[in-house]
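S.K.: Chain B: place on chain A using the hints.
In the order they appear, the protein sequences are chains A and B.
Okay, so the first sequence: first residue is 2 according to the working numbering, each after it adds one.
Okay, so the second sequence: first residue is 22 according to the working numbering, each after it adds one.
Quick caveat, the hints were computed from the structure, so don't treat them as lab data.
A virtual CB, placed ideally from N, CA and C, is assigned to each residue, including glycine.
It is possible that part of the hints are untrue.
[Said to hold, decoys possible] Pairs of lysine-lysine residues, derived as DSS-like cross-links and limited to a Cα-Cα distance of at most 25 angstroms, are as follows:
#: 1; chain 1: A; residue 1: Lys362; chain 2: B; residue 2: Lys79
#: 2; chain 1: B; residue 1: Lys193; chain 2: A; residue 2: Lys272
#: 3; chain 1: A; residue 1: Lys51; chain 2: A; residue 2: Lys362
#: 4; chain 1: A; residue 1: Lys472; chain 2: A; residue 2: Lys407
#: 5; chain 1: A; residue 1: Lys364; chain 2: A; residue 2: Lys125
#: 6; chain 1: B; residue 1: Lys79; chain 2: A; residue 2: Lys364
#: 7; chain 1: A; residue 1: Lys272; chain 2: B; residue 2: Lys183
#: 8; chain 1: B; residue 1: Lys79; chain 2: B; residue 2: Lys298
#: 9; chain 1: A; residue 1: Lys316; chain 2: A; residue 2: Lys166
#: 10; chain 1: A; residue 1: Lys267; chain 2: B; residue 2: Lys183
#: 11; chain 1: A; residue 1: Lys166; chain 2: A; residue 2: Lys472
#: 12; chain 1: A; residue 1: Lys526; chain 2: A; residue 2: Lys272
#: 13; chain 1: B; residue 1: Lys193; chain 2: A; residue 2: Lys526
#: 14; chain 1: A; residue 1: Lys166; chain 2: A; residue 2: Lys462
[What the hints assert, rightly or not] Selected chain B positions facing chain A (Cβ under 8 angstroms, derived; list incomplete):
#: 15; residue: Ala167
#: 16; residue: Ser277
#: 17; residue: Ile296
#: 18; residue: Ser297
[Unchecked claim] Listed next, the stretches of chain B that the computed footprint assigns to chain A, with coverage defined by at least 3 CB atoms under 8 angstroms from CB atoms of chain A:
#: 19; stretch: 76-89
#: 20; stretch: 187-200
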Amino acid sequence: MRKLLVALLALALMVTLCAGAIAENLEPITLTVFRGDPGDQPAEDNKIYKLIEEKFGVTFEFEFLAGDLDETLGLKIANEDYPDLFDGGNSADLIIQNGALRNLLDFINPEDTPRLWAHIEPQKARLIEQDEEGNDVLYIIPNYGLADGEQIANYVSGPAFFIQKQVLAWDNYPQIHTLNEYFDLIERFIAANPTDENGAPYIGFDILCEDWRHFCLINPVQHLMGRPNDGEVLIDVSTDDFKTETFIDKPYAKGYYKKLNEEFHKGLISKDTFVMNYDQYIAQLSSGTVLGMFDQYWDFSGTAEAALRTAGMDKNTYVALGLVYDPEYVDGKEIEEHYLNGSLPNVRRGFGISVNCDDEKAKRIVDMWEEMLSDEWQLIFNWGIEGEDYYVDENGRLNMTEEQYKNTQDNTWKLHNKANAFFESSPKKQGWIMDGQFEGNAWEVGNQPEIVLGQMVDYDKDFLSHYGYSKWADFVNPPIELAPYGEAWQIDYSPVDIEHTDFLAVQDQRLPEIIMADESEFDAKWDAFVEEIAPSASVFESFMQDAVLKEAQKVLGNE
Amino acid sequence: MRNNKEKAIAIHKKSVWRRLGDQWQLMLMSVPMLLYVFLFNYAPMWGWLTAFQDYKPKLGLTGSPWVSMKNFAWLFSRQDFLNSIRNTLAMSIINLVLGTITSILLAVLLNEVRNRTFKRTVQTVTYLPHFLSMVIVVGMAQNIFASNGAVNNLLLSLGLVKEPVFFLGEGKYFWGLVGVINVWKEVGWNTIIYISAMTAIDPCLHEAAAIDGAGRFQRILNVTLPGIKSTFVILLIMNIGHLMEAGFEMQYLLGSSVVIDWSQTIDVFVMNYGISKQQYGVATAAGLFKSVVAIILLIGANTISKKLDEDTLI
Chain A
2 MRKLLVALLA LALMVTLCAG AIAENLEPIT LTVFRGDPGD QPAEDNKIYK
52 LIEEKFGVTF EFEFLAGDLD ETLGLKIANE DYPDLFDGGN SADLIIQNGA
102 LRNLLDFINP EDTPRLWAHI EPQKARLIEQ DEEGNDVLYI IPNYGLADGE
152 QIANYVSGPA FFIQKQVLAW DNYPQIHTLN EYFDLIERFI AANPTDENGA
202 PYIGFDILCE DWRHFCLINP VQHLMGRPND GEVLIDVSTD DFKTETFIDK
252 PYAKGYYKKL NEEFHKGLIS KDTFVMNYDQ YIAQLSSGTV LGMFDQYWDF
302 SGTAEAALRT AGMDKNTYVA LGLVYDPEYV DGKEIEEHYL NGSLPNVRRG
352 FGISVNCDDE KAKRIVDMWE EMLSDEWQLI FNWGIEGEDY YVDENGRLNM
402 TEEQYKNTQD NTWKLHNKAN AFFESSPKKQ GWIMDGQFEG NAWEVGNQPE
452 IVLGQMVDYD KDFLSHYGYS KWADFVNPPI ELAPYGEAWQ IDYSPVDIEH
502 TDFLAVQDQR LPEIIMADES EFDAKWDAFV EEIAPSASVF ESFMQDAVLK
552 EAQKVLGNE
Chain B
22 MRNNKEKAIA IHKKSVWRRL GDQWQLMLMS VPMLLYVFLF NYAPMWGWLT
72 AFQDYKPKLG LTGSPWVSMK NFAWLFSRQD FLNSIRNTLA MSIINLVLGT
122 ITSILLAVLL NEVRNRTFKR TVQTVTYLPH FLSMVIVVGM AQNIFASNGA
172 VNNLLLSLGL VKEPVFFLGE GKYFWGLVGV INVWKEVGWN TIIYISAMTA
222 IDPCLHEAAA IDGAGRFQRI LNVTLPGIKS TFVILLIMNI GHLMEAGFEM
272 QYLLGSSVVI DWSQTIDVFV MNYGISKQQY GVATAAGLFK SVVAIILLIG
322 ANTISKKLDE DTLI
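Pulled out of the complex, with its shape left as it was, chain A reads as follows (with noise of 0.2 angstroms):
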């Protein structure tokens, strides 16, 4: 009798194994992914790519950019060497040109995709655009941007002037707006202090310069004159024909420069900074000695900001602050600020699928996304685990205690614990949650406010409180409600690649002998300057002019 029902047993087990076996129903496949930017191999036993192992029977084979973007690119392009999963990073614009991607309209729609539907529908005039025979096309859905409910803004995410928050504290927290206040401070902070506590120097303003990272060199201006980030033209969006105009010839652009220049022979900025590469620049920042530059957050945020943190250097990490022209600068124009942006999709970044990839395996990819739009997977991708990586308090909040946030913030753990590699690129859900068991939650765990106050350091708490503000968004005024053509550094500017080209490498080749030059030569040089990018700068310009006004078009169109 026993001995059936262990048989009995047995058999239901098999039963079991192959009923789920059936239900699953899905082939292991392997999907090969590239990421347009550096990043780690996830660790072996990672949990969450377990997980997704045995859910959608999919394995992922890593490869992330070493070396120059568009090189890159341009290899695998020549070479038809395409994986499954291509984000192009910044530079996505060329593998779509080059007809690398498959339409993702052919699979998503409202019937057999409706999370995925409902995620770009209400962007759909900027996302989908017609390609020559004037099909509707969707090449990749926007790894960001896509954002529920009341924008977040709890700190600066992209370009701003970061000041280290000592050398405010020292000042006594004093209000910095414009130009001249921030390299004033700078100045002072650096007579009284030349060196930090271990001997050394203090470096007043860095600008990095290398690779396609030199919009640190090249794109202040136009944040001076109080426009959020336009990529390379000024924007008057107070003009119905969007009046664009590249600003790094102009004359209103001279005035940074010369400061600079000024900043240049007073030793607040170093040679070597023009030749530094990004790795040295991050080494630089990580020391603690660097006092200012001109960045976006999230190019030093997860490498030199967290060495500062984990080095317990709090008082050495920065506030991004928005600085304008002072009114001398501009013929006594008061300039407002505004370094925020409404929250606008990140339009042709992120994971698109290649040609190289059949209907099949094409299908199961897309299946997967609008699974992993779900409310649960989504939690697992920013929370993770329930009760390993954050608990749900008695009031249905999300949270995390100490040592579950601080192992968000190390990376090894991260290699383990995370699916970022793949989700970073993937479609996500962002902002609040809208419904559900969770709904008035934020997605993200850097937005959830539980986390932005619960997790604060010491120091930050009594920074902030001698400003009277709770976030340090509160540094920069508000989000003005975006323009309709978006932001113009996403417009595609290949059909004028070479002449884009020569615009930014007069600029990298010319800035940085402007900014070194004796004084009595600036002017010179800044004339000689202006005249050898004329004809890069026209060619540019015009075609800008067009774009962002077709750009403009889709979306005021539609309306």
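M.R.: For chain B alone, coordinates are given in the frame of chain A:
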């Protein structure tokens, strides 16, 4: 005598196929090599056709539009390409001259060292940098030549300069830097071939010279250096064929936009404007130009060498 000659002519007159047949074992052995050369050196030459096309990978070699000499015209209309030709040649010649002189000098010195342990140690130490990756070498150079690096500290403390020299950011220093770094990296490696040539010199010559009263210096001048002359000439001809290859990695890594007028070589230009910007036709055109110049240089050097009645390569 006469018979032999006739025989030789008869053998010579045998049809080529017959002779090939006689040596079929040798032929069989050479097949893989021939295949290799054909597959990897000749077959890719079809790709040169893209130099005359506006090549698009999507359309392929057959579908891309032909543009005749437009790619070449575009290249030569650009000042930065002309600069990169100048930089390539200049850095090549600097590397060639500096590299040859220093490696012959080191080889002669090592050859005169009698203490074997010392000789071996120096040899090993000097050729080890050859195995370092360029990224590491350039990283070290960037530290050493930075404003607060070792070289500037030395110059400052000796009072030779008043303020740090901006080695990495001023175009006029770039060629020199490349030359110095190259010597440091390759000098030991390059001596190997010269030292082996020196060991092949008949010791009797040295002994005879010594008996004739030649001192060490005399023996170097009259025995050692003439003994390695043929090696030197062959290497020189081969290197002249490579004059258009000033290198890619070092200039790419060490250069920055501030010194680009002096640092950009043809290869770096091809990367920046050809591969990165999907102008594959332009990239191929630049490559084709390089190859043609290299062939001309090689044949030129060989002819001159022949005229001077020296050893030749071809």
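S.K.: Look at each hint and say if it fits the structure.
M.R.: Do the hints match the structure? See the list:
1. Between Lys362 of chain A and Lys79 of chain B the alpha-carbon distance is near 22 angstroms, which keeps this suggested pair within the 25 angstroms criterion.
2. At most 25 angstroms may separate the alpha-carbon atoms for a hinted pair to count; Lys193 of chain B and Lys272 of chain A meet this at roughly 16 angstroms.
3. Taking the CA atoms of Lys51 of chain A and Lys362 of chain A, the gap is about 19 angstroms. The hint holds against a cut of 25 angstroms.
4. Proposed proximity of Lys472 of chain A and Lys407 of chain A is supported: the alpha carbons are some 20 angstroms apart, at most 25 angstroms.
5. With a C-alpha separation of about 21 angstroms, the suggested pair Lys364 of chain A and Lys125 of chain A falls inside the 25 angstroms cut-off, and the hint holds.
6. Using a Cα cut-off of 25 angstroms, the hinted pair Lys79 of chain B and Lys364 of chain A holds, with the two alpha carbons roughly 24 angstroms apart.
7. Under the criterion of a C-alpha separation no larger than 25 angstroms, the hint pairing Lys272 of chain A with Lys183 of chain B is consistent with the structure, at around 16 angstroms.
8. For the hint linking Lys79 of chain B to Lys298 of chain B, the alpha-carbon distance of about 15 angstroms falls within 25 angstroms, and the restraint holds.
9. Between the alpha carbons of Lys316 of chain A and Lys166 of chain A the distance comes to roughly 5 angstroms, so the proposed pair stays at or under 25 angstroms and holds.
10. In summary, the hint linking Lys267 of chain A to Lys183 of chain B is supported, as the alpha carbons are separated by about 17 angstroms, within the 25 angstroms threshold.
11. In summary, the hint linking Lys166 of chain A to Lys472 of chain A is supported, as the alpha carbons are separated by about 14 angstroms, within the 25 angstroms threshold.
12. Of the supplied pair hints, the one linking Lys526 of chain A and Lys272 of chain A holds, its CA atoms being roughly 18 angstroms apart against a limit of 25 angstroms.
13. Our distance criterion of 25 angstroms between C-alpha atoms is met by Lys193 of chain B and Lys526 of chain A, whose separation comes to about 19 angstroms.
14. At most 25 angstroms may separate the alpha-carbon atoms for a hinted pair to count; Lys166 of chain A and Lys462 of chain A meet this at roughly 12 angstroms.
15. Taking 8 angstroms as the C-beta contact cut-off toward chain A, the hint placing Ala167 of chain B at the interface holds, the least distance being around 6 angstroms.
16. The interface hint given for Ser277 of chain B holds, since its Cβ lies 5 angstroms from the closest Cβ of chain A, which is under the 8 angstroms cut-off.
17. A hinted interface residue such as Ile296 of chain B counts as satisfied when its beta carbon comes closer than 8 angstroms to some beta carbon of chain A; here the least separation is about 4 angstroms, so the hint holds.
18. Proximity of Ser297 of chain B to chain A holds as hinted, the smallest CB-CB distance being about 4 angstroms (cut-off 8 angstroms).
19. For the stretch 76-89 of chain B, the assignment as covered by chain A holds, since 3 residues bring a beta-carbon within under 8 angstroms of that chain's beta-carbons and 3 suffice.
20. Coverage of the stretch 187-200 of chain B by chain A holds [criterion: at least 3 residues with CB-CB distance below 8 angstroms; count 3].
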